[in-house]
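Sequences are here, hints too, so could you generate the full structure?
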Amino acid sequence: MRRLVNRESVLMNVIVLGILTTLAGVSLAEAEKRFMCHNKIDLELTNVAVASYSQYVHKGRTFDDDTTRQSVLKAIDGLRFEGAASRLDFGFDIVEFELFDTKNGARASNKDVKKVAVFVTDGFSTRGVEFTRASADTLTREGVNLFSVGISDHVDKDELDELASKPRASHQLL
Numbered sequence: 001m002r003r004l005v006n007r008e009s010v011l012m013n014v015i016v017l018g019i020l021t022t023l024a025g026v027s028l029a030e031a032e033k034r035f036m037c038h039n040k041i042d043l044e045l046t047n048v049a050v051a052s053y054s055q056y057v058h059k060g061r062t063f064d065d066d067t068t069r070q071s072v073l074k075a076i077d078g079l080r081f082e083g084a085a086s087r088l089d090f091g092f093d094i095v096e097f098e099l100f101d102t103k104n105g106a107r108a109s110n111k112d113v114k115k116v117a118v119f120v121t122d123g124f125s126t127r128g129v130e131f132t133r134a135s136a137d138t139l140t141r142e143g144v145n146l147f148s149v150g151i152s153d154h155v156d157k158d159e160l161d162e163l164a165s166k167p168r169a170s171h172q173l174l
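The numbers in this note's numbering rise by one with no breaks, and the one at position 3 of the sequence shown is 3.
These are computed hints drawn from the structure, not numbers from a lab.
Each hint should be verified, as a subset may be incorrect.
Within a straight-line C-alpha distance of at most 25 Å, the following computed DSS-like cross-link-like pairs (lysine-lysine) qualify [as the list claims (entries may be wrong)]:
#1 LYS59 <-> LYS115
#2 LYS157 <-> LYS115
#3 LYS157 <-> LYS111
#4 LYS74 <-> LYS103
#5 LYS114 <-> LYS166
#6 LYS103 <-> LYS115
#7 LYS114 <-> LYS103
#8 LYS74 <-> LYS59
#9 LYS74 <-> LYS115
#10 LYS166 <-> LYS115
#11 LYS59 <-> LYS103
#12 LYS114 <-> LYS59
Pair by pair, the computed Cβ-Cβ distance ranges are [to be verified]:
#13 HIS154 <-> LEU45: 30 to 40 Å
#14 ASP112 <-> THR67: 10 to 20 Å
#15 LEU45 <-> PHE97: 24 to 34 Å
Cβ atoms here follow ideal geometry from the backbone N, Cα and C, with glycine treated the same way.
Now the structure itself:
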C-alpha cells in the first residue's frame with residue numbers, strides 16, 4: 001500500500017472511519033492508529049476527521065477540531081465499541097453527506113484540495129458487495145480517493161477491493 005505522504009504539499013481532507021469491533025486481537029483504534037503512524041500524515045496540510053460505523057454512526061472529530069496528531073489519536077481512542085453489524089452504508093452516508101461538508105470544517109472542494117476516505121473494516125457489510133461497489137463508485141465520481149484497511153484474517157477480499165481506488169494494490173492494507 002502506498003503511503004499517504006503529501007509530497008506535493010497540497011491541501012487534503014482525510015476521513016478515517018471504521019467499524020467498531022475487535023477482530024483477530026486488533027482493535028479498530030489500534031488499526032487506525034497504525035494507519036496514521038504508517039502514513040506520517042502532515043497535519044499542517046491535512047485536515048483529519050474520524051468517525052465509526054456499526055449499528056450507529058459516531059463522529060469522533062470533524063475537520064473543525066484541533067489539528068494536532070495527539071488530538072487525532074485521542075479521537076480514535078474515544079470511539080465507542082458496539083460489536084454490532086457492519087453497517088458500511090452508514091459509513092458511506094457520513095462521508096458523502098456530512099464530513100466533507102464545509103459546515104463541518106472541510107476545506108472547500110476544488111482541484112487544489114484532495115479528498116481521501118480511509119475505510120477500516122472487517123470486509124463484511126450488511127448490504128453486500130454490489131452495494132459497496134455502487135457507493136464507492138459514487139464517492140470516486142465525487143473526487144474522493146478511497147483506501148481500505150482490512151482488520152481480520154477473514155476479510156471478504158472482493159468487498160475490500162470495492163472499497164479501494166485503483167490501482168487497488170496501492171490503496172489497500174491487509
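Structure-based check of all given hints:
Between LYS59 and LYS115 the CA atoms are separated by roughly 18 Å; this keeps the pair inside 25 Å, and the hint holds. Between LYS157 and LYS115 the alpha-carbon distance is near 24 Å, which keeps this suggested pair within the 25 Å criterion. A hinted pair counts as satisfied when its Cα atoms are at most 25 Å apart, and LYS157 with LYS111 does not qualify at roughly 31 Å. The hinted pair formed by LYS74 and LYS103 meets the criterion: a straight-line CA distance of about 22 Å does not exceed 25 Å.
The suggested pairing of LYS114 with LYS166 holds, with an alpha-carbon distance near 16 Å, which does not exceed 25 Å. At roughly 15 Å between alpha-carbon atoms, LYS103 and LYS115 fall within 25 Å of each other, so this suggested pair holds. For the given pair, LYS114 sits about 17 Å from LYS103 by alpha-carbon distance, which is consistent with the 25 Å threshold. A hinted pair counts as satisfied when its Cα atoms are at most 25 Å apart, and LYS74 with LYS59 qualifies at roughly 13 Å.
The hinted pair formed by LYS74 and LYS115 meets the criterion: a straight-line CA distance of about 22 Å does not exceed 25 Å. The suggested pairing of LYS166 with LYS115 holds, with an alpha-carbon distance near 15 Å, which does not exceed 25 Å. Taking the CA atoms of LYS59 and LYS103, the gap is near 14 Å; set against the 25 Å cutoff, the hint holds. Between LYS114 and LYS59 the alpha-carbon distance is near 21 Å, which keeps this suggested pair within the 25 Å criterion.
In this structure, HIS154 and LEU45 meet the distance hint of 30 to 40 Å, their C-beta atoms being roughly 36 Å apart. Checking the proposed 10 to 20 Å range against ASP112 and THR67 shows it holds: the Cβ atoms sit about 18 Å from each other. Look at LEU45 against PHE97: about 25 Å separates their beta carbons, and that is inside 24 to 34 Å.
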